[in-house]
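Following the hints, put chain C in place on chain S, whose structure we already have.
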Amino acid sequence: GAVVSQHPSWVICKSGTSVKIECRSLDFQATTMFWYRQFPKQSLMLMATSNEGSKATYEQGVEKDKFLINHASLTLSTLTVTSAHPEDSSFYICSARRTQGGELFFGEGSRLTVL
Amino acid sequence: QQPVQSPQAVILREGEDAVINCSSSKALYSVHWYRQKHGEAPVFLMILLKGGEQKGHEKISASFNEKKQQSSLYLTASQLSYSGTYFCGTDDSGGSNYKLTFGKGTLLTVNP
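Protein sequences, first through last, are from chains S and C. Numbering-wise (this note's numbering), the first sequence opens with residue 1 and increments by one. Numbering-wise (this note's numbering), the second sequence opens with residue 1001 and increments by one.
These are computed hints drawn from the structure, not numbers from a lab. All figures in this text were calculated on a predicted structure; none of them were measured in a lab. Each residue gets a CB set at the ideal place from its N, CA and C atoms; glycine is no exception. Hints may be right or wrong, so weigh each one.
[What the hints assert, rightly or not] Simulated crosslink set (DMTMM-like; lysine to aspartate or glutamate; CA at most 20 Å straight-line):
1. K14/S x D88/S
2. K1055/C x E1066/C
3. K64/S x E22/S
4. K66/S x E87/S
5. K1037/C x E108/S
6. K1099/C x E63/S
7. K41/S x E1040/C
8. K1104/C x E59/S
9. K64/S x E87/S
10. K1055/C x E103/S
11. K1099/C x E59/S
[Said to hold, decoys possible] Covered, in the sense of this in silico footprint (three residues per stretch, anywhere, with C-beta under 8 Å from a C-beta of chain S), are these stretches of chain C:
12. 1044-1055
13. 1101-1107
Isolated chain S, as found in the complex (with noise of 0.2 Å):
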């Protein structure tokens, strides 16, 4: 299947600071890319769409000054979670979806910890 890669895996900041996640599709292009969070025993929680070149589209309820997305390239789109608090811990997941084929793949996750 394809490989969607996501870094860091594990990050633990402090309160206040920001943490920036990065997700890159290394073995095809992938012009929309998608940002979800998943608490623990839930589902994923989809946040935002990622467009290669344009504003991101956030879902109802999610603060996009909060959470900052870049979509620089046709394979890389970042994460910034911006003065992180602890209850921005979570375990945030990438995806990247194939255009031809339809498939979406997801990247490894990022578990998040704000002290």
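Here is chain C on its own, set in the frame of chain S:
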């Protein structure tokens, strides 16, 4: 709209079969199936696009009904490695508005 998955959980003995269902109140453009193990990201299993479609292999397969509102995942002769949470993701808008909405998941436990 979040699809409805059933059952919420199932426990099997190795070698037994299971069926997981995913349904929507609207016709869907596609259904994706994933398996997620604890602490890991979801792994893609398969995608269904056409009404009446069936795909996969003899061990893990899936179907998409003619109305494109219901999909089932079939796990045959289960192995220990099948344990995990299974999610269906559905796209009910298609085209430029594509996005997947996931069901709540089905926790499958396969015991020796």
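Comparing the hints with the structure gives:
1. K14/S x D88/S: holds (11 Å)
2. K1055/C x E1066/C: holds (14 Å)
3. K64/S x E22/S: The hint holds at about 17 Å.
4. K66/S x E87/S: Holds. K66/S to E87/S sits at ~12 Å (cutoff 20 Å).
5. K1037/C x E108/S: holds (11 Å)
6. K1099/C x E63/S: holds (19 Å)
7. K41/S x E1040/C: Holds, at about 12 Å.
8. K1104/C x E59/S: holds (18 Å)
9. K64/S x E87/S: holds (16 Å)
10. K1055/C x E103/S: holds (14 Å)
11. K1099/C x E59/S: Since the Cα atoms of K1099/C and E59/S sit roughly 11 Å apart, the hinted pair holds (cutoff 20 Å).
12. 1044-1055: Per the Cβ count (3), the hint holds.
13. 1101-1107: holds (count 5)
The structure fails none of the hints (numbered hints given earlier).
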